[in-house]
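Dock chain D against chain R, hints included.
Respectively, the protein sequence lines represent chains R and D. For reference, each letter of the first sequence is one residue, going 2 to 601 in our numbering. For reference, each letter of the second sequence is one residue, going 11 to 377 in our numbering.
Read the hints as simulated data drawn from the structure, not as lab findings. Every value quoted in this text rests on a predicted model; they were computed, and no experiment measured them. A couple of the hints might just be wrong.
As the list claims (entries may be wrong) - Think about it this way: if two alpha-carbon atoms lie no more than 30 angstroms apart in a straight line, the pair counts; the simulated BS3-like pairs of lysine-lysine are:
| # | chain 1 | residue 1 | chain 2 | residue 2 |
| --- | --- | --- | --- | --- |
| 1 | D | K203 | R | K575 |
| 2 | D | K203 | R | K564 |
| 3 | D | K203 | R | K520 |
| 4 | R | K576 | D | K203 |
One letter stands for each residue in the lines below.
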Amino acid sequence: MEQGLIRNFCIIAHIDHGKSTLADRILQTTETIAEREMRDQVLDSMDLERERGITIKAQAVRVPYRAADGRTYQLNLIDTPGHVDFSYEVSRSLAACEGALLVVDASQGIEAQTLANAYLAIEGDLELVPLVNKIDLPAAEPEEHARAVAELIGGTADEVLRVSAKTGEGIDEVLEAIVERVPPPRGDGQAPARALIFDSVYDQYRGVVAFIRVVDGSLPRGAKLRAMQTGLVFAAEEIGYLAPEMTPTEGLGAGETGYLVTGLKNLGDLRVGDTLTLDAEPASEALPGYQEAKPMVFCGLFPVDSDDYPGLRDALERLSLNDASLVWEPETSQALGFGFRCGFLGLLHMDIVRERLEREYDLDLLTTTPNVEYQVHDVRGEVQQVRSPVDLPDPNDIESIEEPYVRATIIVPHDLVGAVMGLCQDRRGTFVTMEAIEQRQQIVYDLPLAEVVLDFYDQLKSRTRGYGSLDYEPIGDRSSPLVKLDILLAGDPVDALSQIVHRDVAYVRGKNLVERLQKTIPRQMFEVPIQAAIGGRIVARETVKAKRKDVLAKCYGGDISRKRKLLERQKEGKKRMKQVGAVEVPQEAFLSVLEIGSDD
Amino acid sequence: MTEPVRHLYVHLPFCASRCGYCAFVVEVGGLGSRDDYLEALTAELEMEAHRLGAIETVFLGGGTPTLMRPRRLRELLDRVRPLLAPGAEVTVEANPETVDGAQLVELLEAGVTRLSLGVQSFQPSLLATLDRAATPAMARDAATCAREAGFRSLSIDLLFGVPGQTADDLASDMEAAIDIGPDHVSWYELEMKPGSALAASGVPLPDEDLTATAYRDIVERLEAAGYRWYETANYARPGHECRHNLAYWGAADYLGVGIGAVSTVGGRRWRNAPRLEDYVGRLSRGEAPRRTVEVIEGAVARRERWMLGLRLDAPRDLGWAGPPDNPAALDRLAGLGHVESDGGELRLTREGRFVQNAVLGELMEFA
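Isolated chain R (complex conformation) (with noise of 0.2 angstroms):
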């Protein structure tokens, strides 16, 4: 198609601000869906991401659309994710793209992720069209929003579009904006061919399948392609489009979105970022790529049934088709015994994938402390990455720890900005600055990652009664006086339950979970110790006594039966608990240190 008609465009949002609902819409009044074939949230595929009501991964769908000039556009929208950790996929859909929609919910206003992603927008030269969506809810003020929209990205209220993805008021205006305002691609059709690889997944049945963004020359069917960075040569099986189901045609061109069905087996074979080309008439210059998603969090996932440890391992895998940000090795626990250190984006992206695991592949699993990674300098001057407290080398031997650091956002009303600076102080943050934002307070923190990736957010969300957003982005290590915090249960130091802290609140957190353990660790045959330890020395200690009664009463009529029952159920009961050593341990316990709320 002539690059004139085409137009490349994502929709950036907050989370719950109808992202999905307007993608609906707009498939919907296109025709692009059938009525009867419509659902909410089309383009959500993964069922975890429809019950989330988040996007996790990128999709382009192509949008045939007939103008008010009369002329038949093809509207190629691309879907990005909402949450901070997948940040990383936003700014692959927006290369991918020359303008965005800003979609700001009318009666919330802006929100810090939101805002984020348009400064990603303006980075990458997009053009943005700013709409304010949900005007048909009552507490909507859209004037108020557009004003501010306006002021924050330049131009005017009245460029701001009024619009309700739900009773579908305002779409057809979008659909003009996106014609009139979003530049056409400007790639060179005759020059040799290069396209973009925005995003892969794998496919049971068809291997990987790469979403391309053609910008020079064209991809015809059949045609041998080589990827730009890797060497590698393939004949891609089929080229075409998502309508949104996949629509096999006989080519890409110029400025065209699409997918390629490779063939190929492992995700890890096509890398994201890389430009193909053909191999008969190669480019001499591929695009510019993208940044490696780095894993920014850590935690040991460990089968509660250990024979389920093949099975996890078998689960991972292929998880890891589908999603290269995962990054995972077999880790060993004294505690838990055989499982694997896994690193993640985010939280967001951890518990997705502990509850994909536990759900798609029915594993029981215990989850370990979240932590970041620390560059350990140790005495001798050399420099170790450390992903796990258990790899701490001896205090005698550190001559110094860096930790990463994020530079968090926070967007709050007025009235809980001492909230939110109490939270940010609590954990560790550094004030940067802070400023207005239509009614609200933009407060920017300096903020260990390692503190944010506890319950960070839950708790900003508490504290904000929801109404806080947070967007954070590495800003590099820093140097801090970091401890390791053990605790003991019978005596003995179980590693899985060992983590990296600061000193200065090193004893008020082992006081703090030491509590929460005796809490969830129920009586045993005898009595367990539990104390925390900060370097090799005792700092609290609580006990779960030992059970002095436990017997079933009566035996009633000779109701056998019954009794059994109450012992199956029982044992039904310890098998979501971890022997370590002679003492079981619920899952809770493990989870418990995730929750430290404040340090006082």
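Below, chain D without anything else, positioned relative to chain R:
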């Protein structure tokens, strides 16, 4: 052909009112249906008589069996008597407020050898919590009455762990119980049974440490008074152990008749459905009661033997019980001082008996 059954349970579900802690199969009131029920009960007994050999023990439980008219109880016992082995134990449960001297004499004459009085407590406030109709004085009177009538084996039932029960209450109950001088005491911990009024009221049970102390105090006090702690919740003067319950704990076969009654015969266990009208209707048409059946064999039977056998103070023969699922746990439990094994025999230590459930959970899988 399975061995003849030598133990019979007869369920008499009628009560004047339902007690707060009760979730048993009972019928409150229902005066008109009592005769019909007895007739149905007799019919079921006749239907199942082919399974019975000479009966060693009979247990008439409830409900409140002594709420039946003495003549009716006697008719029932008359049916049973020809089936009894010499020296058979025949127990009847009774609530103190429902017994009188003449009735007790009649029961003795009808062949009852053992009376089990549902006292529960001697504290008026706790009796009120439990919705029990009898006063402490009635309990004492009933015991005296039983002795005067000539009962040579008297048991009383008591409860601990009752909401509001103080250490003083318990001490006073222990002295009152010993003072009555029963031959046998069943002293159970109160269970919050789903479906009981007490559970619905939301009253919390006492703290685990308090009930553990109560339990241990009871064992100690009754032993000092000459009772043997022969089963988890049962204490007896020599020769007065409840043979009927020993049969359950020895995994013997037994036949139960009446609504809600359970039988276990030759590896099959069945439970009669609890609805009285349905039961009476079916038996009047010559049909068997509606039942749910369960097969007890293999690992299930073995686990039950462990579950039942470990309730007793006597060592259990491992040949009888079969091997434990986790033999490795034996050493650890011995190390903790909870079990002692000697060749082919195994017994729980005193400490082990207090936590027998946990011990059992270590040894057996109960999957």
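*What are the numbers of the hints the structure violates, in ascending order?*
none
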